[in-house]
Amino acid sequence: MSSILRRLKSVKVSYLLNIVGLAAAFAAFLVIAIQVRYDFGYNKHFRDHAKIFRVEYNYETEQNSPFSAMLSRPYGELLITSSADIMDGGVVSEEGTATVWVQGKDESSSIRSGLKKVSPSILNIFEFVITRGDVESFTRPNSAIISESTAKILFGDNDPIGKNLVFKEGASEATVTSVYKEFPDNTLFTDEIFVNIGDYSLQDQSEWSFTYYLKLIDKEAASKVREEMVDYTINVVAQGRIDKDKRDFLRLSALHDIYFSKDIRYDNSKKGNLNITRSLLSVAFLILTIAVINFINFAMAMVPVRIRSLNTRKILGSGTLKLRVSLVAEAVIISLISFAFSILILRYFSGSEYASLVSASTAIENNIGNIIISALIALLVGVAAGIYPAIYSTSFSPAVAIKGSFGLTPAGRKMRTILISFQYIISIILIVFALFINVQSKFMKQFNMGYERENIVNTRISNKVAQQKESFVERLKSNPVVSDVTFADGPLISNGKMGWTRERKGGGAKFDCLPVDPNFISFFGITVTEGRDFTEEDKLKSNGTIIFNQAAKDAYELEIGEKMIGHKNDDPADVVGFVKDFNFRPLQYGINPIALYVFGSEPWRAQTYMFVKIQPGAYKESLSHIEHTIKEFDPGIKNLTISFMDESIGKLYKKEDSLATLILISSIISVFISIIGVLGLIFFETQFRKKEIGIRKVSGADVTSIIVMFNKTYIKLVVICFFIATPITWLIINRWLNSFEYKAPIPVWIFLVAFALILSITVAAISLQSYRSATANPVDSLRSE
Amino acid sequence: MIQVKNLSKIFRTEEVETMALNNVTFDVKKGEFIAIMGPSGCGKTTLLNILGLLDNPTSGSYKLANQELAGLKESERTKHRKGNIGFIFQSFNLIEELNVFENVELPLIYMKMSASERKRVVNNVLERMNISHRAKHFPHQLSGGQQQRVAIARSVVSSPKLILADEPTGNLDSKNGKEVMNLLTELNREGSTIIMVTHSQNDAAYAHRIISLFDGEIV
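Chains R and X, in that order, give the protein sequences.
For the record, in the first sequence the residue sitting at position 643 is 681 according to this note's numbering, with numbers rising by one throughout.
For the record, in the second sequence the residue sitting at position 208 is 296 according to this note's numbering, with numbers rising by one throughout.
Here chain R stands alone, though its shape is the one from the complex (with noise of 0.2 Å):
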């Protein structure tokens, strides 16, 4: 140990220099790892989570038309008996965000929390942790289980069991029964506040709203109950109304599987992206090969500095496998060490503003466990490093070794050439990968979506304010920095919106739908194609006005002035126009058909997404105007946030921008251990042809053609590594593209600028480091012997 220990200290520089990269390549590892477990481990929490599984269902059968996460209560409740290899079903009912408070205090008090309606065997099928209260008293009617920490906010240190809340949508209340144990982050569930369903909608064929969950005996009887169900839908609950040809309507989607699907529609649950997991695994492995052919260069270099002293071990006695041990475990030492700098580097990480890029948390506290397979990692790492070193150094005679020159031999040189090469193909890989995700990100961002986004901002409002929409407008447009306002029942942009089935003639359509204010679509400068706009007149009628985009039209060759079912089943809505298709789903997915309602003179609620076009520049004033007038409207109004629509549209590629930051992060920490590497290469080189840059000297070379020698090998190398990286990153890069809907055209720019950095960085490092040899006085290497 010693004698290792001595050895490190007789050649810190290089170590040094190594252990950094080491150290920087482990961070990067153990960030990357923490999310991508993050992901993978998603909904894995649940330790039956491999027989819990989604009913889902596509009435289209088309090819590759989406899913539909949403069914009917009746057809659900059916559905969980149609099979003896269902153990239990639940349905889940999302409610969104819920304003609420303890019954008896005042509404200041209130929090906002979210909220889902469930069936009591839900806690079940997803094995909530009671930690106080109990789950039967849950079967009773307009009963909540709530969180820990929602009733340690809402309660302090008071018992909630037995208290009642009080929701403000809806006006309802109901009764704690119990508190359960937060889940952890990445799973379906959190920390809502979760009330019993009851028998709402149950008889209701119409509403489709409503996501069903089973756990079956085990996960093989997916398949076969995914044909009893299909059977018993077409001869039970259909009576033979659907082809029995068609069998493909119904899927189980496992638990796990929900979170990265994306063919699939009304989903409102969190959604990652196996692309971006994936790419994320293999940046963190590249990066860990970069660092681990860094180590291997090193040791190898430092060969011809060592065989002396390794023979005369020899000669005096050390057999060749102690010695081989000792320097693997030399390496396995600068390996573990430069985990516990990458340590550091988590910690510091951790508590800086680029933690927000990694949805777990990156606190060494909570990944006990991704520390243990990253310093088990780091050990495999230090022996694969340390093997072939060990192996070559010791497996020379002594008569060899003692004369040798054995630094610049062509294989060993041939073989340094090779490892750096991979270095540096991974690096411009990265880069170039790292800048065409960010112009995919802006591409994305600034997509002609078919309507206006620029100075247009939007809030929620309360019911309160709702309830006094004319004057709340019209206090709002008095001040002319505000142009233009309209409403929604919910964001323009979303993946989840209400879906309808409608039967018709021909068959069913099966359509998101917004409701809307009349002037939403004259406000977004959607393009009318046929018909007509909606007028303020269709706010008097009772019976609905729909407007359809053109992929509803196409998909079911509506009409205009046909009635179609719109809120009122017995008083069927008007189709009056047709839209240009716009994106009103984030450009991930397409377009799919959507219909834009009136509900008219008898709404089913007051829409409450509000859109407030403002003057250019005049955003301060108008930010202040907005929030100063809802205020105006409802003092008690809490949480908030007027966000311009530009921002939140960004917002919906938050995982891309965060992947493009990652990438970007890594990208750089690669080219900075890959120009260690090569610092340290040239370290070595400069100290072996010491001797010969001192007989160039004397031959007549100025300090310009040493640095030149030096940089012209390593800028060929640059040249050929940029050539071999080019089709490679193509390939993956339109690999990575054929997720997306939307698709940049990839740039010529980012391969140049990929070049440029890496050549440039290289041409820089290796000036600098033979500058010191270049100008050293030939003297000092030329001694007679």
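One should not assume that every hint holds.
With a cut-off of at most 30 Å between alpha-carbon atoms, the simulated DSBU-like pairs for lysine-lysine come out as follows [as the list claims (entries may be wrong)]: (1) K750/R / K207/X; (2) K728/R / K249/X; (3) K729/R / K161/X; (4) K249/X / K200/X; (5) K729/R / K167/X; (6) K249/X / K452/R; (7) K750/R / K224/X.
Chain X stretches covered by chain R per the calculated footprint, using a threshold of three residues with CB under 8 Å from any CB of chain R [as the list claims (entries may be wrong)]: (8) 90 to 96; (9) 136 to 145; (10) 153 to 166; (11) 169 to 175.
Please keep in mind that the hints were generated in silico from the structure rather than gathered at the bench.
A virtual CB, placed ideally from N, CA and C, is assigned to each residue, including glycine.
Start from chain R and add chain X according to the hints.
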């Protein structure tokens, strides 16, 4: 051709100061063959390094072809050295990665001579040194005598005004050593000025004049 006046060289470290040369004064005429002799550590190699512009004196004057060269910066010394001074070392100092041809053509590359002209000049010199049949070989494939002949070829390829030889036969057997001394004599007869550092009386006998050094001074 060479005027050295009151040349001194002091090597300083943290602990000790060593006077390697102490007010050395001598002249060398064009076409002379000078041998510098003296015991180990007397300053012979230091003097040779200063004459070859590989090092600067601490004080004193060194003129080559009437040009004062003492105290020049490294870049200026390189400029003056290029094409004017050829070196022959005891340990040959050939570059292992380059073959014989490439080793010899090195000074011509740094003089920015064209490739075709370099080829002509190098081939002539190799022929002259009787080593052209080994042009594609690498140094480790040559004997000691052959390596020294290559080193001599390299030193004369640019037709320098001055050839400096530091113990040129030190690593050779007597037969090869004699061959090398004959070569140097031939070059001198053709007009090259040669200054040779040697321990060997035998080798010194080839010179026109011997300068003896002892403890950094001419005796």
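Okay, the hints, checked on the actual structure:
1. Between K750/R and K207/X the CA atoms are separated by roughly 23 Å; this keeps the pair inside 30 Å, and the hint holds.
2. This hinted pair checks out: K728/R and K249/X have alpha carbons roughly 27 Å apart, not beyond 30 Å.
3. A threshold of 30 Å between alpha carbons decides the hint, and for K729/R with K161/X the separation of about 21 Å falls inside it, so the pair holds.
4. Pair hint K249/X plus K200/X holds up; C-alpha atoms about 18 Å apart against a cutoff of 30 Å.
5. Between K729/R and K167/X the CA atoms are separated by roughly 20 Å; this keeps the pair inside 30 Å, and the hint holds.
6. At most 30 Å may separate the alpha-carbon atoms for a hinted pair to count; K249/X and K452/R exceed this at roughly 41 Å.
7. In summary, the hint linking K750/R to K224/X is supported, as the alpha carbons are separated by about 23 Å, within the 30 Å threshold.
8. Coverage of the segment 90 to 96 of chain X by chain R is violated in this model, with 0 residues showing a Cβ closer than 8 Å to a Cβ of that chain against a need of three.
9. Counting residues of the segment 136 to 145 of chain X whose C-beta sits closer than 8 Å to any C-beta of chain R gives 4, which meets the bar of three, so the coverage hint holds.
10. Check on the segment 153 to 166 of chain X: 3 of its residues sit with their Cβ under 8 Å from a Cβ of chain R, so the three-residue criterion for coverage holds.
11. For the segment 169 to 175 of chain X, the assignment as covered by chain R holds, since 4 residues bring a beta-carbon within under 8 Å of that chain's beta-carbons and 3 suffice.
When the structure is compared with the earlier hints, violations turn up for hints 6, 8 and for no others.
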